[in-house]
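Undergrad: Dock chain B against the given chain A, drawing on the hints supplied.
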Amino acid sequence: MAHIRRNLLALGLAGVTAVSLLVFSSPSRYESGLIGKSSNPSEDSNLSPLTTASNRSADLSSAATVNPKQRIQAFDESLNRNCQAADLQVAKQADWLTVCRRISLSLLGSGMSLQDIRQLEQMPEASRVDAYLESCLADSRWSSYWAERYTRYFVGNDEGPFLLYRRRKFSLWLGEQLRNDLPYDELVQTMIASEGLWTDKPQVNFYTATADGDQKNRADPIRIAGRTARVFLGQRIDCLQCHDDFLGNTNFACEEGVRAGTQLDFHQLAAFFGSVSIKNPLVGLVDDKRPYETALLGQSEPATIEAKVPFDAELYDSSLPNRKAFAKWLTDSRNEHFARATANRVWNLMLGQPLVAPVDHITADAKLIEPLDELAKVLVDEKFSFKQLIRSIVASEAFQRRSQVDGFEPTIEHEQLFAVFPVSRLRPEQIVYSILQASQLTRLSDESLLESLGRYDEGNKFAKRFGDAGDAELAAIAPTVAQRLLLMNGKPTGEATKPELVANAVSRIGAFAASDEQRIEQLYLLILNRYPTADEMQSLLAQWMDNSEIKTGSARQSRRGEIRDCTDVAFALFNCAELQWNH
Amino acid sequence: MNNSIFGMPGCDSLQRFSRRQMLTAAGGAGLFAVNPLTTLAEQLQQGQEQSDSRSKPAAAKALIFVWLQGGPSQLETFDPYPGTKIGGDTKAIKTTVAGLEIADCLPATAEQIHHATLIRSMVSKEGDHERATKNFKSGWRPEPTLAHPAIGSILAHASSTNIDLPLHISILPSQWPSLGGFLGPQLNAFTLGDPAQPLPNLVGRVDADRRATRLKMMTDIADREFLRGRVSDLESMRLQQRTTADRAVAMMDTKQLEAFDLKRETSEVRDRFGDTAFGRGCLAAVRLVQEGVRCVEVELSGWDSHVDNHGIQYRRAADLDAALAGLLQTLAERDMLESTIVLCSGEFGRTPSINVAGGRDHWPTGFSTLVAGGQFHRGQVHGETNSSIALDARPSVEHVVSPISIADLHATILSQCGIDPSEEVQTPIGRPIAWSEGQVRSELLQG
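Residue numbers (this note's numbering), protein chains in the order written: chain A, 1 to 583; chain B, 1001 to 1447.
Everything labelled a hint here was simulated from the structure, so no lab data went into it. Hints should not be assumed to be uniformly reliable.
To be verified - Capping the alpha-carbon separation at 20 Å, the derived lysine to aspartate or glutamate pairs in EDC-like fashion look like this:
id	chain 1	residue 1	chain 2	residue 2
1	B	1216	A	546
2	A	491	B	1130
3	A	491	B	1361
4	A	92	B	1225
5	B	1125	A	535
6	A	216	B	1194
7	A	201	A	176
8	A	216	B	1392
9	B	1216	A	535
10	A	498	B	1209
11	A	216	B	1319
12	A	498	B	1207
So here's chain B without its partners, still in its complex pose:
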């Protein structure tokens, strides 16, 4: 276990608890009823029955989390219904998976989607951006007394990798970056902007010799005086001035930062990701995972389309398409898909109806998430939404076939990364809590 996003061993601040059986009756296994309608998903998938007890040893070492902030429209991306009352102007194109069509704004992704499982039946109970974002990033609905850690923080916490880079990195985060929650701020995602720009706070303002002189004055003069006459283990237990300074300098000087130097890639590889900050972020994510980083989140924001839905979605999709396709293709080419999970989603989807401003509003029941890598099925669709839904229908899980809750998705990904989602830890106030309240959804996995 790691108590820092950096790959250095540290003391485990969380005590392990055997799983209590209390209060599990409300668990998520039976939360959503399965709709018996005949579905495309049923035609495509292998017909495996849901099993909530499965937890296989994980092959995946890393997670690349492609985060689409703002609520992308499933109808303009992965779940189009052209020619129907809810379809709008979106057209569909064929993909490399037989029988599967996605929106025509994602042509490159259509060529690579055979690497992935497409879930068209994601459901949640959160329709507010902030709450839904926290819900999706942590797998738990927000609650006032406990800040749940983001999935990347859990992965970093569970890692024993020893590298100079942070184990949990977020590229281009906007309003609500992934945080360590009750695991502590040391597991917050290390945030970065466009990899083409200088890395924030990693470049010193003076040369290395002068930096060393300054830090020596800090530790040998100022900190030494501060420690005098105080609790004996103040430095080792609380301040850790030397340790953090050493780690900071190691990170500033490490060759692993070359992961951000995308010029080391061929122009063909760079071009496939697109000439955007988001595309560069996705390529950097591949390189960071190669260096041993446990979770890289890359954000593409701007999907909130209450007005001019079609235009906004298509413009965002243009950036997404190249980068996501490039990501899947590159991971496959480098034989990294077995050991890397790719998760691509927003916090919710958008309404079947189009409002008077040409926009679609928030819709948390029946949105699309793409997941690839590890043992996730390749080239499969799970779940289905309903094209004949009433335009004034309210969000309800009843509109969705084979719904997948966010908690279940988290549990399944954690299990793929070698973490038992039902394992309980103790929060700082002594509350025992599992990593996830969801169930592993075996129908999403091979074998």
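Just chain A, with the same shape it has in the complex:
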């Protein structure tokens, strides 16, 4: 069988045939008595890696050469100390499928493909997670997906000023930098110090996105200051726009440790962006030396305020132009706020919950500040490489812990301290991408994802109808009734559960799987990326047996009856909590 598969792939024959052989050939673990065990169906490591017709770049064979486990050791120890101090038992390591689903959701924005799972099963179990991680990092969907997430952080989700702002260009530019693993500090410097045309230099759109405020053809220094503080310093300082912090909400490093922010801090930060002017379409964005003026609380007249960094002034090089100097100061590896904020956000993207919450407001007394500092060290040591940080996070004990435990009852505190993997809500696009992924057997590529979204005429409509949170992270709240209706009766689920042999994986499983046990097993793998438990298998088999059509011996005997039963189970799985939550 392995020989046949290799030859089919090598010959580049229709992917459908090859995939069908791969997907449908394995006997179910239920039938083999393997269900509930951590099985390793084959030790044949010579089989082809996860290379599909649509995604040849995603090569599982190129594993990382460095050892992320060592890099993350101090972080693991720090996090474990917190669990021990709180007297919390930690969960055991999750199975490889669960870990790979987490990787897929966080990096690609969807669950795994059935084909990926089957191919990974042909590799030694110990190498599957690393192999899958590398395949995702090599997939252009990763850089595209993260570029979109970071675009929201950097410029929001608004359409912005029509003539001066090109959000799509900005996102594509970000994707290219991520794909090339441009160090994040360099990326941010490029953006903060950018000049020129928004069409020619997409990073300029960081500023032009705000040129729809009171002053036309000028970036809005207030909005940029607020966003810069949140995204790059992990500080919500927006209240300082109007008054000093009298509630202890902000904290800046100083000789005595930390100090509360002031209104002057905010406007000194905004002053770095006060001279950003947008000239005619030939020049683009430049600094025009206009002084930044505002009236502080209690002042009747506006006064000029000079640009000044709020802390670590010794890192600031005043010989450079203002924005360039600020960008250097901001991203200096000794500026702990920048490294913390960056590490916290990447952790949040990977696990669905930041180490310190909220993700854009990190206080010095936060419970997990020490582990965050350890993670920030990893980032700095790896020269702000996102790929390396991601490898380290995946290698961490916390990322690989189970969320479902036996032997003790987990609490919210277990989740907060990552003693168990936290259950977190998926974003709308992750849900719809997961449904689209589960409607086919092979991995979605960038192009096929767009094609699928177009085919269903859903595109961003799903996210919009579902309640797109923009640049905000989703709160862990229950889905709304509108969302429930969309999942039950909306187009993506409807298409994925429609009896349709050509384009529908669920129907193909119904038609071509060799037994009911295989059907159920493959549906679980396809939609939830795990094997059914013995209880689930028995319950569903019993459900099918109870089917009135079976009793009468009519439709169930036909392929149509098998497909019908599969679409019913698929509907239940598409709508169950597990699909909508990372775990």
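TA: Chain B alone, transformed into the frame defined by chain A:
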């Protein structure tokens, strides 16, 4: 309080805070100076002085928000200046309110405008469609750190009505639907298209028995396994799989959906709203309010007329005219105006000058809004714009007599719906904030 757009009681996620006195000095009461010019509005209105402390118990149970996306021109709708340098080709017609004339493209509305207050002096600081839309729908200028809820979300949040339908519905929304903001996505408007079309996501793909079997498999098999070995209150505090599924099914099966079945109305009533999706939306809004829905937004988009202003405005006004007149007439006939507020506006108006392409551009200082119902005056005009304004004048509140800010309008409507606009709630990040930063404008109200 309701934490969902559906009329089911739920836990109140927002903690109440007594109003802090800090930072109120910049409040909106004294934001705009009153122009001392003699005005039509002054001739028409009762001469009541502005009072910012008034908040009466509300009679209004519902809000119908007629949203004109794109920036309708006040000069081609409710504030024409025929024969002047800014008037363009628009002609004016008399209305049922003595001394009040509106554009001749709104003849049916002219016959019903005695039910409403016409504000000709709306002002804002937002001239971009998206920001101005968010500003008008929420009453707050957009800010990066806090998403303010739309007024319909606030009304739904404050309601204890128990119905199967959503309490906050938006019909024909386009780019920027009304959202729950910091109140949460459960208070986003439930969005629908033309009531003549099948309702989106409300019709199942299988029969009820098979749907029940599927949902039973979901809850009893898949969800049961997911809950095993996890935080004990995961279902009740986060997932709420059963609850939302039950509510979704209840909505799919409820007879209250007959509110969308406009065939239950007489042909005379249907015809008065016009044979358009927007007209049907307005009629459905009346029926939804009768079923207990708290806020229905009906959108008519396409008012952005940088080119061929006159043509675009008149074509849009043709759809608006029948529906708005039908709405006012029907609510009055059914004795619903006391308990229903009608708000009709776009995000801003259009420039006094006409550009080289025959268009008018964005103009946020001095645009028109029509409001009716509750305690709002009937047959009254508030505020005035200036026909002698320089054609190259920049937007400024100084061109407007008796300006009304969007925040003040929100505060006044909220007060009419029984909500104290100054009441503070805590946002999810712990920031205390009032429902509205505006002041109740008593001069818009009776008594």
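Undergrad: Run every hint past the structure and note whether it holds.
TA: Hint check:
no., hint, result
1, B:1216 / A:546, "holds (13 Å)"
2, A:491 / B:1130, "violated (28 Å)"
3, A:491 / B:1361, "violated (39 Å)"
4, A:92 / B:1225, "holds (18 Å)"
5, B:1125 / A:535, "violated (62 Å)"
6, A:216 / B:1194, "violated (38 Å)"
7, A:201 / A:176, "holds (13 Å)"
8, A:216 / B:1392, "holds (16 Å)"
9, B:1216 / A:535, "holds (15 Å)"
10, A:498 / B:1209, "holds (18 Å)"
11, A:216 / B:1319, "violated (34 Å)"
12, A:498 / B:1207, "holds (14 Å)"
Violated hints, in rising order: 2, 3, 5, 6, 11; the structure is consistent with all others.
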